[in-house]
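Q: Now for the letters of each chain:
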Amino acid sequence: MTMDSMATSLVSLPPSVLLAGGALLIPLLPRYFRAAWMILLSILGLAFLWSLPVLQASEFCVVSATYGNYSLMPYVSDPLGRLFATIFLLVLITGSLYAWSLDDRGESIGTMLYGAGAVGVVLAGDYLTLFVFWELMAIASTWLIWSRREVGSTAVGVRYLIYHLLGGGFLLMGILFQIHSTGSIQLQPFTEGISWGTLGQDLVSNPSGTLGPLFLLLGVAVNAAVVPLHAWLPDAYAKASWTGSVFMSALTTKSAIYVMIRLFPGLDILLVAGLVMAVFGTIYGLLSNNVRQILSYSIIAQLGYMIAAVGVGSEMALNGAAAHAFSHILYKSLLFMCAGAMAVYAGRATLVEWTDSQDDSMDRGASSHTQQWKQPDHPLPWGLFALYMIGALSISGVPLLSGFISKPMILESLGKAHHEAGLLILIAASIGTFLHTGLKIPYAMWIKPRLDSASGLVDVASQNHDVDDQASPETDATLTHKLPLSQWLAMSLGAGLCLLFGLAPDLLYGWLPYPVKFSPFEAYPISESLMTLSGGFFAFVLLRKWLYRPGRVLDLDWIYQKGGEPLRKVVVDTSWAVFGAVDIVVQRMASSMTQWFRGEKGTGPTPAQRFNLAQPSIESAIAWIVGTMLVIGLALFL
Amino acid sequence: MSRSQSTGQFETGQSGTGQHRAGQSGMKPPWRHWFVVVPVVFALLGGAAGVIIEVVYLADYASHWWNEIPVFYLLFGLISAVLTLAVVILLQRVLLRKHHGGSEA
Amino acid sequence: MFVVSYISISLLIVLAGVRFKESAQPLATFGAGVTAVLSLVGWIVVKANTEAGFPAIRYGFGGWAPPIGIEFVLDGLSAFFLMVVNGVAAVVLWHSAGNLDKHLDAHPPTFYALASLFLLGLNGMILTGDLFNLYVFLEISSLSSYALIAIGSRQAPLAAFRYLILGTVGGTLYLIGVGFMYAMTGTLNMIDMMAIIPLIAEEPAVLVALLLMIVGIGVKAALFPLYGWLPESYTQTNSISSALIAPIGTKVAAYVMIRVLLFVFGASGLNAVWPLSEVIAYLAGAGILFGSIMAILQKNLKRMLAFSSVSQIGYILMGVALMNPLAFAGALFHVLNHAIMKATLFMVSSHLERQEESVDIRDFNDSYRVKYPWTMATFTLAAISMIGLPPMAGFFSKWMLALGTIEADHWVLLGVILTSSLLNAVYFFGILEKVYLRRSGQKEASQASMNEVSWGMRLPALILALALLGFGFFNVPLLDILQTLFPV
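Residue numbers (this note's numbering), protein chains in the order written: chain F, 1 to 638; chain D, 1001 to 1105; chain S, 2001 to 2488.
So here's chain F without its partners, still in its complex pose (with noise of 0.2 Å):
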């Protein structure tokens, strides 16, 4: 089969441009038919995806164009893209389901691009592509945090949209600098890794070929979520609307993770990013109190588990990583997606509240006697409960769910490495993973309020003794929050699959690029896992008192935040500064001049004369140009 023969068939037509294409004509369709579009155009680009030939060894290019001197890859096919491809196609169908009642159609044509860009991404075989589509789901997903249209929701979306225009133009720089020093607009693994040591000669003796890779790294790096470069993602995941954030979980931060796999396997300083990255998610997690903020730590964590498996770099550890990001997309939509349901019939978004609205009078030695738990607006029903469970015990690594079949997978690979303190941390990780996600949030918003309510702490608004019958809302005439029936089939759908991979492992170990030589259903995973989850769960059960603290967390994004406005005013103040004191002294020369002409005494500029930087007097704009003159002219003869 030749190339020629490939790219002139439609099966060769790329997901992404599918899907972008398909965004165009969301405007003109009815508000159900928009969410059924999507997912009928990712069925779509699936079958076509999955209709191509793809070879293990080596990649399969199904579409090439050349730009210039450069040959072009803008479709490639083999085994790794194809997974991301796969899972993110996923997604979007099931998120579109979960979006199914929504009316908004500027977010629904951002999920589109958004979803396009990111299938783009990790089908790409050269540079330019990558960076076209990496910029789209910049963008475009920007568009699903301004969707929120909350007060806050223009600052926070801004601070993403620079952050990520940031780390695009990091990649940029580094494609750049690949171009220039390879001739070559290919994606190429750096096998060699970068050598720290020698870093300083080489930045002398080859400074493209140095600043490449290492820019590269940093623009990844920034989609990555890599500490200290993630505070972004808590600040837009917890912000986003309800429905983008689903997608956001799954898309750039996992294309970046193919991106990584594909540039840096094996690179030595991506272990301690991981690991520490796995510590920061985990602690942090653990301190937030907002739902999808603890998710989005969570988030974090995980990635720290994908990128310390790049590091390690064998074909296990790679393996890994890519299945890790497969499995972990498919649970942390669904905890999205409950997440959202949860805030539906809570009423908010965060698991504890001060009941009284004086925050100010909590001084910091209180205990948490004067603590109130603030009962969710409506209890939420126990059919939630399984299918958030579903995903808490998946990502904790619970056997017979998805989150099994891989984090193990990523633990051996340290192991045979010999990384054994790496290995420990992690799984102490995955302890706080559970203990955030499977235990914090469940106890705060099912276990704790039935208690409070069953014990006679009971709020006015609901007036259920018993809250088993809330198993049906329609029975309970108080409860008028309710999902519609899409949420629930797109949870069930997302809980459905993960219990899917879990219990067959061996549909995705298929799909992986190096062939599998590990099962999870061995003795030794299994009963570490269920050992050090159930320790786990005794300690929580001995603190979960203190663990609960409302406010807000404090990360690095502080810096930025806060420190924005002084930079702001050290930049242009001192800029003002500098020009006035010019245009001042210029214009009292000018008005001294004037007033000796006319032979008048004077007093100086006019007050009608100040100093304006964007519009400098005519005086101080000649004085200007005669400077730059005298300036220039007096270097030359010096």
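Treat the hints as calculated values from the structure; they're not laboratory data.
One should not assume that every hint holds.
Said to hold, decoys possible - Computed, partial: chain F to chain S, Cβ under 10 Å:
hint : residue
1    : Leu40
2    : Leu161
3    : Leu165
4    : Pro207
5    : Ile625
6    : Met629
The structure displayed is predicted, hence computed values, not measured ones.
Using N, Cα and C, we set each Cβ at its ideal position, and we do this for glycine too.
Since chain F is already given, all that's left is putting chains D and S on it; use the hints.
A: Just chains D and S, lined up with the frame of chain F:
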């Protein structure tokens, strides 16, 4: 574990009268707090199953130095979780700031 | 030859327009259009000529052969600039038809006569092969632009006066520089001078002359920190003038820079004693950052666009000063792109000014999306290109410029390019977000109905914006050609 009573209204129709202590899972009729009992039971069973598996399949268990210690993972789980929680609880005072309105929910 | 007919048509407009009031605008547009077509023909002819190995087309005035006589030279560079200038001018003049009633009351003929004179001057500057002749045309275009700018708001005459003083200073400095050069070389012909300069490049007088010329042209080109006349001029003037002058005025000054620095003096002559090209490159870089930062701070749309222009001309001048084919091609492509983008943006601002009576950004809200769908769509396309996102043309010119900075090992300037793209994103996205997203608390979109300007105004803007998309997709052949224009 006591909680001071909130502004909630005390329904006289509530089952039981006045002697509630919150959080005591054993004092009420079992079905009222099944949602606490069930997870605890699961955790106990899971832990036990894990220990049994380890004991039975001892042959596979030589991978790392810590596997020499029996029921290592159970202890590791408990201790590391306690440590993590302790660190978090301590950090809470430092890293949690008061709400400013409008940034949540 | 047709070179001459460019000029004569513009002159005809001037005369004819005085008699028939209503015919002024159509005639001006027609004239510009014909000129644009002719420049396209010229481009094709020159391309054919270069492939056949013939030199550029030269035409001596009055039959006097150069170097005694004054000549016009049509080579690849001139042909390119002619196309850009006249093409954009034609579209802008076409667009102006819809705006006449608002601004010009009783004097369209005068206005269009001035506009034609302005274009006459610009075309002459591009075509001429003689340094003094260039000054003549420079003054023609400058004087007419002062007058054009004076028509506008209440502060417009003051802004025009400011521009007049500063522009005259710049022109005079240039003239003195030319005078020095004449004294040193005995010729005013560019091609002649090119041959002589290598011999005398290190003379102090030549250096001083070079310096004077750079600063003089720099004023007209708004090189940092010589930008002082620009913000007020572009802000206070009427929207037709701003749409006409902003995209092409500074570009032609950049052309002069290119000619003088790269062709007449050449890289060796320019840097003979001190690395002047580096100085210019870094000044341009400073201008890029300064313009972007100031643009963010503005509340008036037109002033924001003015500072954005300062920033963009920085890109062009930096590309020129980097002295390699990649950056040069990027700079030229950016000339094309920016002319189109700025023309589009000023047209958009004229639509908003017309319908809303204000261009204050703080007043923008999402009713604009309903009232001006086409205008805002055009704005969005142009904004995406200004920021430099693919697949719009703006991305590719920045890409080339960035490659050029790497080629020249100027990492700092590379960082400047990328930082300023980020800054551009801030102020453009700020506007887009205001217009396209409902404010919180608002349940429905603002109750507004479509209140667009006439198709006569919408269409030209839209065509230009779509041209950006087209140039983006087909940038490769163009960039290849532009690279060949770099003087070896």
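Q: If a hint holds in the structure, say so; if it doesn't, say that too.
A: To see whether the hints hold, each was checked on the structure:
For the restraint placing F:Leu40 at the interface with chain S, the shortest Cβ-Cβ distance is roughly 26 Å, beyond the 10 Å limit, so the hint is violated. About 6 Å separates the beta-carbon of F:Leu161 from the nearest beta-carbon of chain S, less than 10 Å, and the hint is met. Look at F:Leu165: its Cβ gets to within about 5 Å of chain S, closer than 10 Å, so that hint holds up. Because the beta carbon of F:Pro207 sits about 7 Å from the nearest beta carbon in chain S, less than 10 Å, this interface hint is met.
For F:Ile625, the interface hint holds, since its Cβ comes within 10 Å of a Cβ in chain S; the closest pair sits about 6 Å apart. Checking F:Met629 against chain S by beta carbon gives a least distance of about 5 Å; that is within 10 Å, so the hint holds.
Of the numbered hints given earlier, the model fails hint 1 alone.
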